[in-house]
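Which chain is which? The protein sequence lines are A and B, in order.
Counting from 1, position 20 in the first sequence corresponds to residue 20 in our numbering; the numbering is continuous, with no gaps.
Add 1000 to a position in the second sequence, counting from 1, and you land on the number used in our numbering.
Simulated from the structure, these hints should not be mistaken for lab results.
A quick note: this is a predicted structure, and the numbers were derived from the prediction, not measured.
One should not assume that every hint holds.
[Claimed, not checked] With beta-carbon atoms standing in for the labels, derived distance ranges:
#, chain 1, residue 1, chain 2, residue 2, range
1, B, Ser1144, A, Pro79, 41 to 47 Å
2, A, Ala137, B, Ala1176, 42 to 48 Å
3, B, Arg1034, A, His152, 20 to 26 Å
4, A, Arg75, B, Ala1237, 15 to 21 Å
5, A, Glu56, B, Asp1043, 40 to 46 Å
6, B, Asp1043, A, Ala159, 31 to 37 Å
7, B, Ala1174, A, Ala137, 42 to 48 Å
8, B, Asp1018, A, Ala137, 26 to 32 Å
9, B, Val1222, A, Glu56, 48 to 54 Å
10, B, Arg1183, A, Ser57, 46 to 52 Å
11, A, Ser57, B, Gly1124, 33 to 39 Å
Just so it is clear, CB atoms sit at the ideal spot from N, CA and C, and this is done for glycine as well.
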Amino acid sequence: MQVALHDVLVHLAADRRRRDRFFADPSGACAEWGVPAEAAAALQAIPRDRLERYAESLLAKRAAELATALPVTVRVFPPVLDLYRRWLARNPAPVADDVLTPGLREALRALPHLVPDLEPEWVAELAPYEALSRASARDGRRRTFTSRWPVHRLLREVAAGDIPVDPDPEPQRYVFP
Amino acid sequence: VKAAVSYRHPWRTDALGDGGPDVLEVVADHFFARPALLERLADRYPILVHDVGCSVGSGGPEPQRLARLAEVVRRSRAIGFSDHLAVTRSSTGVDLGHLCPLWYRHDVLRVVTDGVRRLQDTLGIPVALENISTPFDVPLGELSEGEFWHRLVDSTGCGVLLDVTNVLLDARNAGADPLDRLRALPLHAARWAHVAGGRSDGAFWVDSHSAPVEAATLALLVRVDAPLEGVIVERDAHLPPWTEMVAEARLAAGVRR
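Next comes chain B alone, as it looks inside the complex (with noise of 0.2 Å):
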């Protein structure tokens, strides 16, 4: 099981040392400024690029930020793309920039199922969507969540980018076990995890990526019944020095020896 890093710009001139983790994923929207970034990294690490922007939930990248999202992956030599089953943007144009849940129906199926098959055939890699820590669930929809999942990964061929801290996080909020909602997801198409440390103001645990990983987010890890090649660590605040993510990494990847 390969440890992975979920780089950002700070660590970069460790990261292009010696030592680093097994594979690097990379966040698409850090370098469409600047895409050449990427090719000393991609000489360094097979790379897998991860995005936030996608909203496969309103149909998926609009035209001009698939184009920077292919130029992303070619640059990146990317082995793997990955973006979140939601939605992040209405289409009268406003953008929430964050991550919203999906209404799980048929037609919302049938739009997700379009816009992945456009990142598969543009990006002509692997494509993976995430799933994301759950603010609320949209009620009365016409399928659980874990029935629009397999319908999804059977429909496409698509995987499945585990976040195992939002699984853990969601049953937390919603007082129910993260082993049943684990096994409602389509594991067999789960190749890679991510995990990170999230927080709680007393009465909500939000998916923050501000610190360690928590000890009950490698037992989860541990029981996740996947064929996973490996582990993602990330973390958006209070970044700790790269030797110290590496070391988190092998950590979680390790768990799973």
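Just chain A, same shape as in the assembly (with noise of 0.2 Å):
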């Protein structure tokens, strides 16, 4: 019974989807999901607000770990963490087995669907490489990434203090570490 209750307590803190249908219902939603009636009980009876907080301080978390990870993305696009909290509090992080920081396999996990909302684009492009690069050199494996933008020297720049308005277009095939 303790993993029913676990288990539905990790996905409510972790999925904004299933706590709106919870708070919605909660005896239908533990009845859906096949809790035990005694832990159905106590999931009820645990406050919302105090969930709510909980599930709040999960996303900040995670948001600046993420912000460790990506220093010079976030240094030219600040709302991509914003972004992330609303993407990550609909699609919650597996486990993972790897030795990468939790923000590192997070901007992998993640990037890929936030890219389309970055801007401009050769922030687009920045993104993945500064999450590629810093990935590989952490935990060795080889990753390659094409971008049309020199972003190697885009991201030299920004972390020198300046941020590139129009660059010219420079296409250019990594390959890390």
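Two chains, each in its own frame: build the complex with the hints.
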């Protein structure tokens, strides 16, 4: 029984859609998910505001980890953190088996979904470049990336304090590490 | 009473110099990618290994993580290992990335006991569990938190890594007396204590590890009736210079002398 309760609790904390479903109809949701009656009663007795606060804290923690993993991307496009939080709230992180930092792991998982919303276009290439290069530096795994802009130079410019304006395309193919 | 600092990589150069604490705590997954980095630290300090990903409430670490933990323990020649009395993942594969409180029941106790024994058997060094800062209680359990802790310590011989800040912040959030919470725990098994600075949004205290240790935490630390060997200071945000962390650790350990 404890597995059912802890499993449901983890999903409730990590998944906005599960929480919405649960709080709209707690008994119905527990029945739908096959939660035993005793566990369902315990879950329903957890104060909603406490669970919501906890869920927000999880999002904030992971966003902070992403910011540490992608410092240059966050500097040129700070809204990436809000985009990530909104996406993460509906796409909980899976258990991983690697040596990446939590932020890098999440960057690799989330960026394919966030890239269409990154602006300007060269930032949409800088972000994966930063994630892939840092991930490979950490775990030694070979990764490749093809870009339309010379993002290695753009990243150096941003790191030096400059924000490139309308840089010229210059296709590149990168191999990390 | 020994003064210990929970190590973070930006302090590496200074930590390898003169004038450090008596003991260093390292976070295991900071070294999963490059465990060899532990060896110079281990030449300089006795090491305690700390983890946040064992999820003892869901059965303990998976085999690959357990193997990595064993490698970190071996490379660091660790004198002790700790994680939290918590769940961090579901059996369905969702990772919270943070600590979630347990439902205090007999069947959960069996799961945690098995997980602790597996850690003890694999790592071969003393294992302790830490009390978490509780975002909420899971109601309708069969055991009180204190009963759960006592039974776990009695059945496994594991230690308690007593987070004094978590006791204080939980008590504030619950409007309770922190001494009552302390008395409920099996403090005879507490050899090490964690202290850190938290923050409040005005309504709720969070163990953020983002500020110096409060005087109220040190005052509570003085009143802990436990055979503590040392006090470990933690900081994850707004890292101060290494020398300040060492001074803070010496101050915290000093209140126990």
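Each hint tested on the structure:
1. Separation of Ser1144 of chain B from Pro79 of chain A is about 46 Å and conforms to the stated range, judged on CB atoms against 41 to 47 Å.
2. Distance hint for Ala137 of chain A and Ala1176 of chain B: a CB-CB separation of about 47 Å, consistent with the stated range 42 to 48 Å.
3. One distance hint, 20 to 26 Å for the beta-carbon pair Arg1034 of chain B and His152 of chain A, holds here, with the actual separation near 24 Å.
4. Arg75 of chain A and Ala1237 of chain B have their C-beta atoms about 18 Å apart, which keeps the hinted 15 to 21 Å range intact.
5. Glu56 of chain A and Asp1043 of chain B have their C-beta atoms about 43 Å apart, which keeps the hinted 40 to 46 Å range intact.
6. The hint said 31 to 37 Å for the Cβ distance between Asp1043 of chain B and Ala159 of chain A, and at roughly 34 Å that hint holds.
7. Distance hint for Ala1174 of chain B and Ala137 of chain A: a CB-CB separation of about 44 Å, consistent with the stated range 42 to 48 Å.
8. The hint said 26 to 32 Å for the Cβ distance between Asp1018 of chain B and Ala137 of chain A, and at roughly 31 Å that hint holds.
9. Taken as a hint, the range 48 to 54 Å is violated for the pair Val1222 of chain B and Glu56 of chain A, whose Cβ atoms sit roughly 34 Å apart.
10. The hint said 46 to 52 Å for the Cβ distance between Arg1183 of chain B and Ser57 of chain A, and at roughly 28 Å that hint is violated.
11. Evaluation of the 33 to 39 Å hint for Ser57 of chain A and Gly1124 of chain B yields a pass: the beta carbon distance comes to about 35 Å.
Going through the hint list in order, the structure does not satisfy hints 9, 10.
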